Amino acid sequence: MPRPTPEIPNASMADIAFLLLVFFLVTTTVANIKGLSVGLPPPPEAQQMEDIKIPERNLFKIQVNSFDNLLVEGEPWTGTNDQLTEEIKKFILNNGADPTSSDSPQDAIVSYKTDRGTSHRKFIEILDAIQKAYYDIYAERVGVTNEKWREIASDPEKYKDLYDRGRGKLPDGKLEIPMNLSIAEPTQVGQ
Amino acid sequence: MSKFKKKANVEQKIPTSSMPDVVFMLLFFFMVTTQMRDTSIMVQQRIPQATQLRSLQRKTLVKYLYIGEPRKIEEWGKEPKIQANDVFIQPKEVIQWVNQEKSTLDESERDQITVALKVDNETKRGIIADVETELRKANARKLLYSTNLKSGEF
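Line by line, the protein sequences give chains A and B.
If you read the first sequence in this note's numbering, its first letter stands for residue 367, the second for the next number, and so on.
If you read the second sequence in this note's numbering, its first letter stands for residue 7, the second for the next number, and so on.
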């Protein structure tokens, strides 16, 4: 007489698997390594202490005080962040046309100064607007969208040609349109 | 009329025998992609929003600093604090922390370390600027301000 083959009941397997699935669904946190990327200048003592005079026309000054109020080129700013981005773009791509604006994209410097009492939210908001101006310019030069450009910039090795063309890499290694963003040490008024 | 009243005489059953397989597939997917948080964050984290986000390719090179008001105000006070791994550190200790984190990386990759600052919205610039100064001294000059994508854009 053949013995009945032992069988494990598998009707509840789906339930068990569901239970585990729900557990992992709940505990999963999608790793979010996204944000605004900036490079810091070299350490303070390594910099030469010579005073380099930068002509006023080549500086685009943005200041934020401890009440999160904005001063652009010495005037209180009432426009939107998109308008600010447009102003910065105009300033970078002036190429000497307007005598009060920059000589060339290479000389143009966006100076961003905050106060110790400025909130991080405002800081990010304005930094976002400044970086948008540069990314828009780069993206337009290679004929891609801003979004695509940021993808390119996140992986420069893969898209080396486009990346160099967008920023206008010259034979001597310098860039035609470098992102000259100077984030100054904050002032001491607030906090 | 009768056209619509007619009911099909076939049995309507969805085969469920493959359900465990489907569920197991999902289960394995989540098991593999899940990363357990290795630190519990002890500061407020209302991450600011921005549009010009960039992502990083090499996730192993990213080290986190959390800055914000402590969650347990009665224990730590209201002043914003810097959290590295599982402890609060002073701005001066950032250099030490960077060197410690660098030593966990491969020798050839140590200069590529990227510090991600996860900073609460309401934190003032002062403490962040102090951290940045220390990072410059520690020669960890690649910085990422962690932000979320602004909703309603794109």
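Keep in mind the hints are simulated off the structure, nothing from the lab.
On a predicted model such as this, the values are computed, not experimentally measured, just so you know.
It is possible that part of the hints are untrue.
[Stated by the list, open to error] Footprint (simulated), chain A over chain B, 3 or more residues, beta carbon under 8 Å:
{"#": "1", "segment": "53 to 64"}
{"#": "2", "segment": "98 to 109"}
{"#": "3", "segment": "143 to 156"}
We put the CB at the ideal spot given by N, CA and C, even for glycine.
For each hint, the structure was consulted:
A count of 10 residues in the segment 53 to 64 of chain B with a Cβ less than 8 Å from any Cβ of chain A is obtained; the coverage claim is therefore met, three being the minimum. Counting residues of the segment 98 to 109 of chain B whose CB lies closer than 8 Å to any CB of chain A gives 0, so the stated coverage by that chain is violated, three being the minimum. Residue count for the segment 143 to 156 of chain B with a Cβ under 8 Å from a Cβ of chain A: 11. That meets the three needed, and the coverage hint holds.
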